[in-house]
Amino acid sequence: MRAFEYTSPKTVSAAADLLAEKGDQARVLAGGTDLIVQVREGKRHLERIVDIKDIPEANVLTCDAQAGLHLGSAVPCYKIYGDKAIASAYPALADSTHIIGGTAIQGRAAVGGNLCNASPAADTIPALIVLEGICVIAGTNGTREVPVEQFCTGPGTTVLENGEFLESLKIPAPKSHSSSFYLRFIPRNEMDIAVVGAGASVVLDDAKESIVSARIALAAVAPTPLFAEEASALLAGRSASDESAIEEAAEAAKAIARPISDMRGSAEQRVHLVGVLTKRALNGAIQRVKES
Amino acid sequence: MPDKVHVKTVINGEAVEFLCEPRDSLLEVLRDNLMLTGAKEGCNNGNCGACSVILDGRLVNSCIVLGAEIEGKEVETVEGLAEHNKLHPIQDAFLENAALQCGVCTPGFLMAAKALLNENPNPTEHDVRFWLAGNLCRCTGYDKIVRAVLDAAETMSTEVNV
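Those protein sequences? They're chains L and W, same order as listed. The C-terminal residue of the first sequence carries number 748 in our numbering, and the numbering is unbroken. The C-terminal residue of the second sequence carries number 172 in our numbering, and the numbering is unbroken.
These aren't lab readings, by the way, just hints derived from the structure by calculation. None of the values given here were measured: they were computed from a predicted structure. Treat the hints loosely; a few may be bogus.
Dumping the calculated DSSO-like pairs for lysine-lysine here, alpha-carbon to alpha-carbon at most 27 angstroms [unchecked claim]: (1) W:K96 <-> L:K509; (2) L:K540 <-> L:K478; (3) W:K83 <-> W:K18; (4) L:K509 <-> W:K18; (5) L:K466 <-> L:K626; (6) L:K664 <-> L:K535; (7) L:K509 <-> W:K83; (8) L:K478 <-> L:K499; (9) W:K83 <-> L:K466; (10) L:K746 <-> L:K664; (11) L:K509 <-> L:K535; (12) L:K478 <-> W:K14; (13) L:K466 <-> W:K154; (14) L:K466 <-> W:K14; (15) L:K626 <-> L:K540; (16) L:K664 <-> L:K540; (17) L:K499 <-> W:K14; (18) L:K535 <-> W:K83.
Looking at chain L on its own, in the form it has when it is part of the complex (with noise of 0.2 angstroms):
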């Protein structure tokens, strides 16, 4: 691995500085499970890795009834679904982090990572668009908040610019009569990456019958994950026993997918998967309130 500085700070404000210093010869350091693997491979050449570990704002982990969850972008996958009170206010996130890799790197993997590492694969971008999540970016000027759909810009690329990084998440404490779901299609049962994922938040009225809003959101189908809004927002109104409902919103859905064909599927394969999964994941948010 070629040499670089280590710097630990333990402020936001001193991590931008020593971001900004290097512009973009300094990267952050979470869980390192991309990055470290990225230096050592050659494909990034770094000056300096910035470890947030130390820094509050980066490892704060609260869930609130009324604030929603605070979740610290430095934060591990399995402080997310080891969290009762997370794990059922948050069911796609809970989803989500608990496949991504195996064991070991769940327990280092944060799910702010997986957002500035910006894949268009990310297992947690979907969960976290019809979450709602907010990123709270830091910078040498203080702090800006961006909508997770709109923090990625194309594969490895983000809004954050030289001396930001993301601080952390906030995620809208859950209506009532809602709740969520994430899936995705591999080829095994685990430790693998995702050929298409889609996520799905719902919204049902208080008689459990008929659909309020929905959200739903996909992964590994364009340059960066997707908020499907055309497809979520005719779903408002609809019943939700009424599977013409999920067969339009899964079309809309299928209607913006633009994948690549690569050597985990084709472009082809992956546009049926987003329909299948679509439906996968609405059923699922949809069962999940009425069982709860």
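Keeping the supplied structure of chain L fixed, place chain W upon it in accordance with the hints.
Same frame as chain L, now just chain W:
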């Protein structure tokens, strides 16, 4: 060349200090600086689990942790499993079940199994298989390893109850 980093840590219950380059992985520090060669380098990218160790109670791949990151933390490696001349029940179970052939993956499996049984003393076969999914073995076909972990769980829960 950036300055070396001075790290104070605890490894297998003993206070340890070392100097390393910022780019040195925990695996390199364990094997090359501290001569703890139990953890193995397999893929060196977090896929195979041969380098598994326990860091502050969590299973990690030591090839994708930097040595500099373990300042003030606690590391458990396979060298700390046996007490004096007495093997750990997980090690006994691996021997009894012939759960190894070439042995390169075994230290990683032992540490992964220890982390599992710390958290879930009575795992199902399904639990064991999913927990160990990040540890690859190209010899055994896994069945003997899974049986060994289930046996160790049974032995350890009996020992606690006695």
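Structure-based check of all given hints:
Annotation: proposed proximity of K96 (chain W) to K509 (chain L) is violated, straight-line Cα distance about 37 angstroms (limit 27 angstroms). A threshold of 27 angstroms between alpha carbons decides the hint, and for K540 (chain L) with K478 (chain L) the separation of about 40 angstroms lies outside it, so the pair is violated. For the proposed pair K83 (chain W) and K18 (chain W), the alpha carbon gap of about 8 angstroms is at most 27 angstroms, so the pair holds. At roughly 17 angstroms between alpha-carbon atoms, K509 (chain L) and K18 (chain W) fall within 27 angstroms of each other, so this suggested pair holds.
A hinted pair counts as satisfied when its Cα atoms are at most 27 angstroms apart, and K466 (chain L) with K626 (chain L) qualifies at roughly 21 angstroms. Our distance criterion of 27 angstroms between C-alpha atoms is broken by K664 (chain L) and K535 (chain L), whose separation comes to about 31 angstroms. A distance of roughly 13 angstroms separates the Cα atoms of K509 (chain L) and K83 (chain W); the hinted pair therefore holds under the 27 angstroms criterion. Distance restraint check for K478 (chain L) and K499 (chain L): the Cα-Cα separation of roughly 18 angstroms lies within the 27 angstroms cut-off, and the hinted pair is therefore satisfied.
Of the supplied pair hints, the one linking K83 (chain W) and K466 (chain L) holds, its CA atoms being roughly 16 angstroms apart against a limit of 27 angstroms. Between K746 (chain L) and K664 (chain L) the CA atoms are separated by roughly 7 angstroms; this keeps the pair inside 27 angstroms, and the hint holds. A hinted pair counts as satisfied when its Cα atoms are at most 27 angstroms apart, and K509 (chain L) with K535 (chain L) qualifies at roughly 14 angstroms. Taking the CA atoms of K478 (chain L) and K14 (chain W), the gap is about 20 angstroms. The hint holds against a cut of 27 angstroms.
In summary, the hint linking K466 (chain L) to K154 (chain W) is not supported, as the alpha carbons are separated by about 46 angstroms, beyond the 27 angstroms threshold. A C-alpha spacing of about 20 angstroms is found between K466 (chain L) and K14 (chain W), which places the hinted pair at or below 27 angstroms, so the restraint holds. At most 27 angstroms may separate the alpha-carbon atoms for a hinted pair to count; K626 (chain L) and K540 (chain L) meet this at roughly 18 angstroms. Proximity of K664 (chain L) to K540 (chain L) is assessed by CA-CA distance (about 24 angstroms); at most 27 angstroms being required, the pair is judged to hold.
For the hint pairing K499 (chain L) with K14 (chain W), the CA-to-CA distance comes to about 24 angstroms; that is within 27 angstroms, so the pair holds. For the given pair, K535 (chain L) sits about 18 angstroms from K83 (chain W) by alpha-carbon distance, which is consistent with the 27 angstroms threshold.
Of the hints listed earlier, those the structure fails to meet are numbers 1, 2, 6, 13, in rising order.
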